[in-house]
Amino acid sequence: MALRQEQVETSPKVSDEVKYTTCYMCACRCGIKVHLTDGQVRYIEGNPDHPVNRGVLCAKGSSGIMQHLSPARLSAPLKRTGPRGSGEFEEISWEEAFNIATGWMSDIRKTDPKKLAFFTGRDQSQSLTAFWATKFGTLNHAAHGGFCSVNMAAAGLYTIGGSFWEFGEPDWELTRYFMMFGVAEDHDSNPIKTGLGRLKTRENTKYVSVNPVRTGYSAIADEWIGIKPGTDGMFVMAIIHELLKSQKVDLDFLVRYTNAPWLVRVEDGHPEDGLFLRDGNGNPLAWDKYGGEQVNALLPDIAPELSGLFELPDGSKARPAFELMARRYLGQEYSAVEAAEITGIPAGTIKRIAAELAHAAFEQEIELDVEWTDWAGRKHDKMIGRPVSMHAMRGISAHSNGFHTCRAIHLLQMLLGSIDCPGGFRYKAPFPRPCPPGPKPTGKPGQVNAGEPMPGPPLGFINGPEDLLVNEDGSPCRIDKGFSWEHPFSAHGLMHMVIHNAWASDPYPVDTLFLYMANMAWNSSMNSKGTMEMLTDFDESTGEYRIPHIIYSDAYASEMVSYADLILPDTTYLERWDCVSLLDRPISTAHGPADSIRQPVVQPDRDVRPFQDVLIELGARLGLPGFSNDDGSAAYPGGYPDYLVNHERMPGIGPLAGWRGANGDQHGKGESNPQQLERYIENGCFWKHDLPESQQYYKHANKDYLEFSHKMGFIPSSDQIIMQLYSEPLQRFQLAARGHGAVQPPEELRGRVGKFFDPLPIWYQPVEESMVPLDKYPYHAITQRPAAMYHSWGSQNAWLRQIHGYNRLCMHRDLARELGVEDDDWVHVESHHGKIKAQVRTMTGCEKNTVWTWNAIGKRRGAWNLENDAAEGEKGFLLNHLISELLPASGDGKRRRMSNSDPVTGQAAWFDLRVSISKAEAGAQVSEPQFEPLKPVPGVQKKSKTLRFGEQFLPKGSWRRKDQV
Amino acid sequence: MTSLPKKTQKKLGLVTDLDICVGCHACAVSCKEWNASGHSAPLTDSDAYGKDPSGVWFNRVHVYETDDGHNTRTVNFPRSCLHCEQPACVTVCPTGASYKREEDGIVLVDAEKCIGCKLCSWACPYGAREYDADDGIMKKCTLCIDRIYNENLEESERQPACVIACPARARHFGDLGDPESDISRLVEQRGGYALMPETGYQPVNKYLPPRPRKDRAGDTGTTDHLEAAEDSSSGSSFFSWLDKALSR
Amino acid sequence: MDPAYSVILFTSASGAGYGLIAWLAFTRLSGFWQLSPLAAGITCLVALALITTGLLSSTFHLGHPERAWRAMSQWRSSWLSREGIFAILTYPAALIFTAGWFWSIIPASIMNAAAAATLLLSVITVISTGMIYASLTTIPRWNNAWVVPVYVALAIASGGLLFSIALAVSGAANQPTMVLMMAVLLVSWAVKWAYWRYIDRQSPASTTATATGLGHLGQVSQLEAPHTSENYLLKEMGFEVARKHATKLRRMALNFGLLLPGILLVLAGVSNGLVQLALLALALCFGLGGVVIERWLFFAEARHAVTLFYGRSL
Ligand SMILES: Nc1nc2c(c(=O)[nH]1)N[C@H]1C(S)=C(S)[C@@H](COP(=O)(O)OP(=O)(O)OC[C@H]3O[C@@H](n4cnc5c(=O)[nH]c(N)nc54)[C@H](O)[C@@H]3O)O[C@H]1N2
Ligand SMILES: Nc1nc2c(c(=O)[nH]1)N[C@H]1C(S)=C(S)[C@@H](COP(=O)(O)OP(=O)(O)OC[C@H]3O[C@@H](n4cnc5c(=O)[nH]c(N)nc54)[C@H](O)[C@@H]3O)O[C@H]1N2
Ligand code: SF4
Ligand code: SF4
Ligand code: SF4
Ligand code: SF4
Ligand code: SF4
Ligand SMILES: [Mo]
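As you go down the protein sequences, you meet chains Z, Y and B in turn.
119 is the number that the working numbering gives to position 130 of the first sequence; each next residue is one higher, with no gaps.
Heads up, the working numbering is the position in the second sequence plus 30, with the first residue counted as 1.
Heads up, the working numbering is the position in the third sequence plus 9, with the first residue counted as 1.
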């Protein structure tokens, strides 16, 4: 019986319409093509022309439909009716929501604007939100960078004028030796994967991953170095020791592009000891070998000395920064043998890696026949490359020694001469910028006044103690204590401290906490349980909550929603305008600047509004300058798209760089173009500028590029950007700690500032580790991001939650054996702060004394509109319950407990955690702690048990269309 | 249909490079997304927001560790239909719903004929058959038959969804029957292999093995350490090597 | 493999049914025993009922029972198709054969031809059923020479227990017959025992190392499964019974399937009338119970190659 073979429709119509926009399943911001059929989203794929992803799409991006259709979507503004945390709300109109918000806010603004703490999470409109905060007049604003990776940003921007994170990338095409420190996924997730794929497929390349855990990217490394957490600085300094000892450093690079030759005053006790010597115009000095005298170190063609003690005519004594650096790292304490002890990496391996780096950098030099002009106008007919590149992220960042460790990595890159050269690490526009870039933070006493905007933005980069935001007595001005003596370089603020400090009224109480897109009642807080308690704690004296008002904008029923008083529901990413701006966190590549937009590809079917529109309207209703006109009317009646096109930060510079000017023929600077958004849409919702070959490298010293960058408004002048191997701003704090200067640290912090502010990178044991008894807490506990989940968002996604429905505590087989546990057993994990119960998975690709888990998979039961018995809540767990936002109380318990953060930058030290582990008695197969399930908030979507996405696109009448019956 | 075609004109298939697969699940999810409204639509998910969610997926990504006693490694491993040349999943099928196309070797299930007896899934050693209990029929990787020939797509997009999406570019698509094709050459160069050859199913899809580690001295043409320079003490003489005039 | 009740019921019921009708056909052809036509006819009906129940229950696990007819189409390659066809072909023969006991108008030659056809087709059908499993190279515990004999032997044995009742009703259940039935039981379970011995000593060629092709890198173990929740593959193919339980269940199967009915058969041989009938009914219950346990184990003990990808072994 032969049956007729199926007639396969091989050319079905894919969709009625394709709209381009930008993915927001994570912050990588890939370009996407959204296919629509009958007005419904049917299929999302990568945009092959997009500079970020070039057509590829990750697991999250590919499941965008499920995020867009999530049953956890909010559908109307909500006003709390029950106690906080109860999840009791009523739906209200937007008008009422605006009235409530402006009611609270206008009172604050009239009296004491700093009582509004406005903190935003993983959003991409930081240039708008910061502008809004400035106009409101509160200094208490920051985005999520403080708990994320400010260590990387600050270390990079103070050192090389650019940074890892998503601000730079390896030269994927040309690099021959790539070292990656502490990266599981990172923001550049698709470019990194594509880059690794490309690099590994080339002959004669090597990729080394330094990471306590060997999964994901580390799995494919040619060499995996399973380092002990928190010790990378030592590893890198030992490599530097080896390079110096064998004199394998790129002196030409150091002399030309770094401050290695600058003269540092070496006069013990002098108030300017350790600072650079400068001429009358403030130029740093070097010692010219030919002239035998000091010269302006910025001049071209001088022959500066790199070592020696020099005495200037005025009697001051100085040595080149290079010598100070070399002396330090040649010291025996940085030998491979010493480092092996600390890092757990055999001395032989450290030495071999140093040899391999030197080999790749100096024996495999590459030359491109590309002419370019240096900053001094000298023409070069070749570009010389040292094909060694590096990338590092939160494995470095999330430790309290991360700032210095990251600086050490940058120092290593400088010594190898491999920054922004062919084959090396490359900047992405608008970087490089001067180290540190401007502006300085605003919010000093006198800068925050009732009813007035602040004179500048709340965040910035400080150069010395006089730039701190502290009161006369040295106490912090900001609610998060950013830019205070506790964390002077906190360029991104300390979002992780806001709730604690507001609760403790330390340094002062706030009236309204305004949060956007941060799940602070759960995974973005340290001490999640305590945070929930602080959010619901009453002030006996007033009978009010200790944090009186909380306004929150989320798009979904996250844990945090239940803890706010007023919810401003956002749209999904496919329903709104957004802007990925060069003023913010751009999507540029090493090949040139780029920015992009999101356009609404479908209209919301709920009473929700894009947060940016809401913020702009709030600004108008509050009469904030910049958001309202003199006559009180709204400055941007058209909402965010109106703002995107018409707002100018500086003359000719707006949120979007492409198609500016009345006819859209200008890029970078130019007057507003009413057609700008149309031009973006026509171009697939992004704009990019490809740098000519001659500007592709040496951007820090490339005349044509620097001029371009200046013209674009990226940098204040086209001067060369000089890398800071020796950091003067750090030394200024050192001097203050020693008692010099007008602005002095409070006594109790003097020692701390003195210890952590060293102008050259140092390694020290992470702070929390140094305070807890290690015999009691012998193991490290860290998290990693799973490639197929974005923080807490992913669990509402019907597809992704099948991949990561719960997490396990992963540990080395040998450790498990010692602990007497096996796969699937349950264990208690305890830190100085808390205790959890989790289920074990054993493995071999893991540093023996380090346990790890996937980040943010564990959920509070009832959240995200999941069933109460969902695995995320029953078996999933959160390591955050073990992590304290405060360091342990010190010996006598008298001293204030300081934030569990990097003492330089305020970066949250998530990965310093030390724990003990013990087998749990047989019992319920449920993780701990458990909390009351959250009630579903009103307005969340109905969820179907069986999901048959896709059937609606089958022909009418097909038996496979059960939606029709 | 009943029986397998004696020979197929082409052997279309996939090659996965285990050396660069980072295990990101992009291929799995993009496959799910495309096929949810494709030839075998929908790919039902049951208990989607509950305790035990489970759905139809044509591609699933495992992670393995290997241990030779001295070295261990981690290998990410996507698994989908291998479009075997001698697949019993087809021959055991009592209805003819399962078939291998003569023109390109793609193994498909005809949704209109399948009775959902599940026997083909028993016959597939590679776990490539996915039963959709809600539809009562067997589904499987279609090699994106509704993409690869789709005239409504740009030429460059006529590739399986998983191949297009893979951020590491670890997946390749082509005619493995043509020894001159890029994909066949790749298999040749890299020692591509078939899974469980002992089954005799002769998978068309191939895997490229992880490359050997480069973690010993000499693997990159270097020595195992740098020679300390003669004057490498940190005494002042050390800095004599800096005497060379360096110009800015 | 998932021991789905529909499949267990199908194979054991239809096996017993085919076994029973085969005994009847054999009796008709050989004249070994004399059965009252009424008893024989009714017994045939019972056999047909069992066969039909089995076949119907086999459609319960189909996603589309209404399309079951399609399953007949692929006889050239599919044992499932063949089984279906033989099962269907058996019906006319068996119906004529059954009818013959009631209606004497059917000529003896036709009756004999129908009996021969019934006998042959029943055995072939059971062989086909066995072949569905035995032909799956993916499941080494099925893909061996013992599976078909086991299916045939247990069909004959369980059919034999039923047949004994018909004999008893007809007063033909004498001692030698009962001993014969016991011997049949013994031989059948010996075959099954040989099967168990075989699978316990089997060392399948496929391992996680060959499945992934990563064996050259050393011992291969799974670190993470693709999904944290179970999927169809694992529910259907990943079912595993603990060794301890399996051993216990095997013993139970033997006790129920062989030991108890064996003893009861011997006792039945020395008794008669209602007592004998009662003993045989009891033997039948135990015997069928044994087969059901055996069938459950047949699935539960079978390991599928796909589980290798999940780090298990065959
Ligand atoms: N243990 C541990 N904890 C960590 C980390 C770690 O490594 N280990 N990492 C830390 C880091 S670096 C970060 S960045 C944080 C991230 O932590 P969070 O910033 O809390 O990140 P998400 O979980 O993504 O939550 C953001 C919120 O945004 C909401 N949201 C999603 N889309 C939209 C939208 O379109 N509009 C609006 N208004 N809201 C939306 C989500 O529903 C969610 O409630 O976690 C930190 N916490
Ligand atoms: N898929 C996905 N992508 C994301 C996110 C997400 O949630 N999901 N989140 C985004 C966000 S907000 C951020 S901040 C980035 C962060 O991206 P990553 O920097 O990749 O962050 P983590 O996943 O926390 O990875 C930290 C890595 O450092 C390792 N590690 C821990 N301690 C040490 C150490 O002391 N030394 C070394 N060498 N390694 C160490 C861990 O094992 C882990 O592999 O990812 C972004 N991209
Ligand atoms: S990496 Fe993935 S989730 Fe992030 S923007 Fe790109 S496609 Fe979207
Ligand atoms: S992998 Fe499995 S489903 Fe695919 S052709 Fe081979 S046997 Fe059939
Ligand atoms: S489930 Fe469908 S495709 Fe598979 S063997 Fe049965 S009828 Fe054929
Ligand atoms: S070829 Fe198509 S159907 Fe097959 S695994 Fe890839 S995406 Fe899925
Ligand atoms: S998309 Fe590519 S890298 Fe990611 S799991 Fe699939 S094959 Fe591997
Ligand atoms: Mo982050």
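These are computed hints drawn from the structure, not numbers from a lab.
Check the hints yourself; a few may be wrong.
Said to hold, decoys possible - List time: in silico DSS-like cross-link candidates among lysine-lysine, alpha-carbon distance up to 30 Å:
1. K700(Z) to K824(Z)
2. K945(Z) to K924(Z)
3. K951(Z) to K244(Y)
4. K244(Y) to K837(Z)
5. K81(Y) to K278(Z)
6. K908(Z) to K931(Z)
7. K244(B) to K81(Y)
8. K826(Z) to K40(Y)
9. K40(Y) to K2(Z)
10. K306(Z) to K244(B)
11. K306(Z) to K274(Y)
12. K368(Z) to K658(Z)
13. K951(Z) to K253(B)
14. K244(Y) to K217(Z)
15. K700(Z) to K124(Z)
16. K368(Z) to K81(Y)
17. K931(Z) to K244(B)
18. K951(Z) to K518(Z)
19. K826(Z) to K244(B)
20. K692(Z) to K274(Y)
21. K932(Z) to K244(Y)
22. K244(Y) to K934(Z)
23. K932(Z) to K244(B)
24. K274(Y) to K824(Z)
25. K81(Y) to K371(Z)
26. K658(Z) to K692(Z)
As the list claims (entries may be wrong) - Derived CB-CB ranges, DEER-like:
27. P227(Y) to R260(B): 34 to 40 Å
28. N182(Y) to G224(B): 52 to 58 Å
29. N182(Y) to G946(Z): 20 to 26 Å
30. W202(B) to K908(Z): 28 to 34 Å
31. W202(B) to Q941(Z): 52 to 58 Å
Claimed, not checked - So the derived list for chain Z, only partly shown, Cβ under 8 Å to chain B, looks like this:
32. F351
33. G449
34. G453
35. M832
For clarity, every value in this text was computed on a predicted model and none was experimentally measured.
All C-beta atoms, glycine included, are put in the ideal place defined by N, C-alpha and C.
Checked hints:
| no. | hint | result |
| --- | --- | --- |
| 1 | K700(Z) to K824(Z) | 55 Å, violated |
| 2 | K945(Z) to K924(Z) | 39 Å, violated |
| 3 | K951(Z) to K244(Y) | 55 Å, violated |
| 4 | K244(Y) to K837(Z) | 22 Å, holds |
| 5 | K81(Y) to K278(Z) | 74 Å, violated |
| 6 | K908(Z) to K931(Z) | 40 Å, violated |
| 7 | K244(B) to K81(Y) | 15 Å, holds |
| 8 | K826(Z) to K40(Y) | 54 Å, violated |
| 9 | K40(Y) to K2(Z) | 25 Å, holds |
| 10 | K306(Z) to K244(B) | 78 Å, violated |
| 11 | K306(Z) to K274(Y) | 23 Å, holds |
| 12 | K368(Z) to K658(Z) | 28 Å, holds |
| 13 | K951(Z) to K253(B) | 45 Å, violated |
| 14 | K244(Y) to K217(Z) | 21 Å, holds |
| 15 | K700(Z) to K124(Z) | 27 Å, holds |
| 16 | K368(Z) to K81(Y) | 67 Å, violated |
| 17 | K931(Z) to K244(B) | 28 Å, holds |
| 18 | K951(Z) to K518(Z) | 44 Å, violated |
| 19 | K826(Z) to K244(B) | 28 Å, holds |
| 20 | K692(Z) to K274(Y) | 27 Å, holds |
| 21 | K932(Z) to K244(Y) | 50 Å, violated |
| 22 | K244(Y) to K934(Z) | 49 Å, violated |
| 23 | K932(Z) to K244(B) | 25 Å, holds |
| 24 | K274(Y) to K824(Z) | 60 Å, violated |
| 25 | K81(Y) to K371(Z) | 62 Å, violated |
| 26 | K658(Z) to K692(Z) | 19 Å, holds |
| 27 | P227(Y) to R260(B): 34 to 40 Å | 39 Å, holds |
| 28 | N182(Y) to G224(B): 52 to 58 Å | 44 Å, violated |
| 29 | N182(Y) to G946(Z): 20 to 26 Å | 23 Å, holds |
| 30 | W202(B) to K908(Z): 28 to 34 Å | 42 Å, violated |
| 31 | W202(B) to Q941(Z): 52 to 58 Å | 56 Å, holds |
| 32 | F351 | 34 Å, violated |
| 33 | G449 | 43 Å, violated |
| 34 | G453 | 49 Å, violated |
| 35 | M832 | 5 Å, holds |
The structure is inconsistent with the numbered hints 1, 2, 3, 5, 6, 8, 10, 13, 16, 18, 21, 22, 24, 25, 28, 30, 32, 33 and 34, although it conforms to all the rest.
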